[in-house]
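Chemist: Chain by chain, the residues:
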Amino acid sequence: MRKTATDRITLGDVIAVDVTSPSGNVLMNKGSAITPAMGRRLRNWGIAYVYIEGEEGRGGHVGLKRRSAIETKSELYDMFVDTLDSANMRKIFDAVCNYKIKQQEDGV
Amino acid sequence: MPIPRNGDISERMQALGSLHTIKNLNTQPIVIARITQMLQDPATNTDELSLAIRTDQGLTTRVLKLVNSAFYGFPGKIGSISHAVVLLGFSTVKNIVLTASVLDIFKTNSGGQFARNVWKHSLACGVAAQSLARTVEYEFQEECFVAGLLHDIGKVVLFQLAPDDFSRVVEHTDKMNTLFYDSECKILGISHQEIGGMLIEQWRLPKKILNAVSSHHNPASLEDDDSKLTAIVHCADIFARALGYGNSGDKKIPMIDDKAWDTLKLDTVNLERLFDTIESEWEKAEVYVQEL
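Residue numbers (the working numbering), protein chains in the order written: chain A, 1 to 108; chain B, 1 to 292.
Warning: the hint list may mix true and false statements.
As the list claims (entries may be wrong) - Dumping the calculated DSS-like pairs for lysine-lysine here, alpha-carbon to alpha-carbon at most 27 Å:
(1) K265/B to K91/A
(2) K251/B to K175/B
(3) K259/B to K207/B
(4) K207/B to K265/B
(5) K30/A to K284/B
(6) K73/A to K251/B
(7) K259/B to K91/A
(8) K251/B to K91/A
(9) K65/B to K3/A
(10) K77/B to K65/B
(11) K3/A to K30/A
(12) K102/A to K251/B
(13) K3/A to K77/B
(14) K102/A to K284/B
(15) K73/A to K175/B
(16) K3/A to K284/B
(17) K284/B to K65/B
(18) K186/B to K251/B
(19) K102/A to K73/A
(20) K30/A to K65/B
(21) K102/A to K91/A
Stated by the list, open to error - Which chain B residues face chain A? A few, computed with CB under 8 Å, are given here:
(22) I238
(23) D258
(24) E283
(25) E286
(26) V287
It should be emphasised that the hints constitute simulated quantities derived from the structure, not laboratory data.
Heads up, the beta-carbon is just placed ideally off N, CA and C, and yes, glycines get one too.
Given the sequences, and given the hints that come with them, work out the whole structure.
Modeler: Shown next as structure tokens:
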């Protein structure tokens, strides 16, 4: 277990100790793998550091390679391709693409 | 014996011996039946309910672990079932108990990696259904979580009761790159939503949950007041798949039912904001994933 500053954590790092608010609320459970949105949220909550699984003094594993927007859209397109004749499915497709791409751009 | 292609559903299930086997799965511990009954009795008090839960030590431990997780976000430590009932209410505790019991089905039966993937997807569907219910101000939000959690339970039952038929469905799904549901209908003439519905019926869960499980692929078939919950689970299934949480046995997205879209007035919903809420709740639900 190693204490890691919130701005140094990488995608896929695993929380070793529950992250709690000053009042004792559990904000994130131990065992959760860091996603882009989680990193963003930790910063928004003002959490300065978290405990990450792994040995002290060693950097975390290499952050996951970020996919490009085109790769993400193409992957989603394969899932949605049979449904895109529907106007409502196109709305969902567009919203998911925008959401996923925005997540990637934000990063951790 | 393979499932016959024709004939009504109950005949086909009978032929498979599944009804008998489903009863023997012992998937609903006696404690759930007793608790469901107690909750329908207005005279039931907190002590009686707590006692009923505490008769199952394993269940008590799991329930306490879940009520103390980030998913429920309660400040401070909840140390006993009676404390949980007082703080969270009968309905919430009932749903936690039900969730812990459903978890047992995925855990104790030999579903392997498939059961784990379906569990993860089901959990995501439950989380998405609850978030969507909150967004569209539907009052039975906890029922949405439970219905989402149970919507694909028929797949696990199919895997356990008819492994050869299950394999044929998987093979067809992979080969044709189609929906698991479409393959079931084509190959078996029966689908997981009907099998799941039979299980829910035996558990005597509320009719709206039964309808949501047994019609989540075709919500337009329902005309009654329960159609909103079914519409929510139908859409939540689509959102959970699109966001990539778990795997329900295929790589495709089902077509949304336009009536479900209109019922929930999804034109007025900011979908990206909804996805952010779902993701946030999904992270908190991590404790359920770890339990498997």
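Chemist: The structure should be examined with respect to each hint, and the outcome stated for every one.
Modeler: So, going through the hints one by one against the coordinates:
For the hint pairing K265/B with K91/A, the CA-to-CA distance comes to about 13 Å; that is within 27 Å, so the pair holds. Between K251/B and K175/B, the direct Cα distance comes to roughly 12 Å. Compliance with the 27 Å bound is thereby established for this hinted pair. A hinted pair counts as satisfied when its Cα atoms are at most 27 Å apart, and K259/B with K207/B qualifies at roughly 20 Å. In summary, the hint linking K207/B to K265/B is supported, as the alpha carbons are separated by about 24 Å, within the 27 Å threshold.
Of the pairs offered as hints, the one joining K30/A and K284/B holds, with about 10 Å between alpha carbons and a cut-off of 27 Å not exceeded. With a CA separation close to 15 Å, the supplied pair K73/A and K251/B stays within the 27 Å bound. With a CA separation close to 15 Å, the supplied pair K259/B and K91/A stays within the 27 Å bound. Under the criterion of a C-alpha separation no larger than 27 Å, the hint pairing K251/B with K91/A is consistent with the structure, at around 19 Å.
Of the supplied pair hints, the one linking K65/B and K3/A holds, its CA atoms being roughly 25 Å apart against a limit of 27 Å. Among the hinted pairs, K77/B with K65/B is consistent with the structure: their alpha-carbon atoms are about 10 Å apart, no more than 27 Å. The suggested pairing of K3/A with K30/A holds, with an alpha-carbon distance near 13 Å, which does not exceed 27 Å. Between K102/A and K251/B, the direct Cα distance comes to roughly 23 Å. Compliance with the 27 Å bound is thereby established for this hinted pair.
Taken as a hint, the K3/A and K77/B pair is honoured in the structure, with Cα atoms around 24 Å apart against an allowance of 27 Å. Taking the CA atoms of K102/A and K284/B, the gap is about 21 Å. The hint holds against a cut of 27 Å. Of the pairs offered as hints, the one joining K73/A and K175/B holds, with about 23 Å between alpha carbons and a cut-off of 27 Å not exceeded. For the hint pairing K3/A with K284/B, the CA-to-CA distance comes to about 21 Å; that is within 27 Å, so the pair holds.
With a CA separation close to 13 Å, the supplied pair K284/B and K65/B stays within the 27 Å bound. Restraint check: the Cα-Cα separation between K186/B and K251/B comes to about 18 Å, which is no more than 27 Å; the hinted pair holds. For the hint pairing K102/A with K73/A, the CA-to-CA distance comes to about 12 Å; that is within 27 Å, so the pair holds. The hinted pair formed by K30/A and K65/B meets the criterion: a straight-line CA distance of about 13 Å does not exceed 27 Å.
For the hint linking K102/A to K91/A, the alpha-carbon distance of about 16 Å falls within 27 Å, and the restraint holds. With a least beta-carbon distance of about 7 Å to chain A, the hint placing I238/B at the interface is held under the 8 Å criterion. Because the closest C-beta pair between D258/B and chain A is about 6 Å apart, less than 8 Å, the hint holds. Because the smallest distance between the Cβ of E283/B and any Cβ of chain A comes to about 6 Å, under 8 Å, the interface hint for this residue holds.
With its C-beta approaching chain A no nearer than about 5 Å, E286/B sits inside the 8 Å limit, and its interface hint holds. Given hint, V287/B at the interface with chain A, holds; its Cβ is 5 Å from that chain's nearest Cβ, closer than 8 Å.
Hint compliance for this structure: every hint is met.
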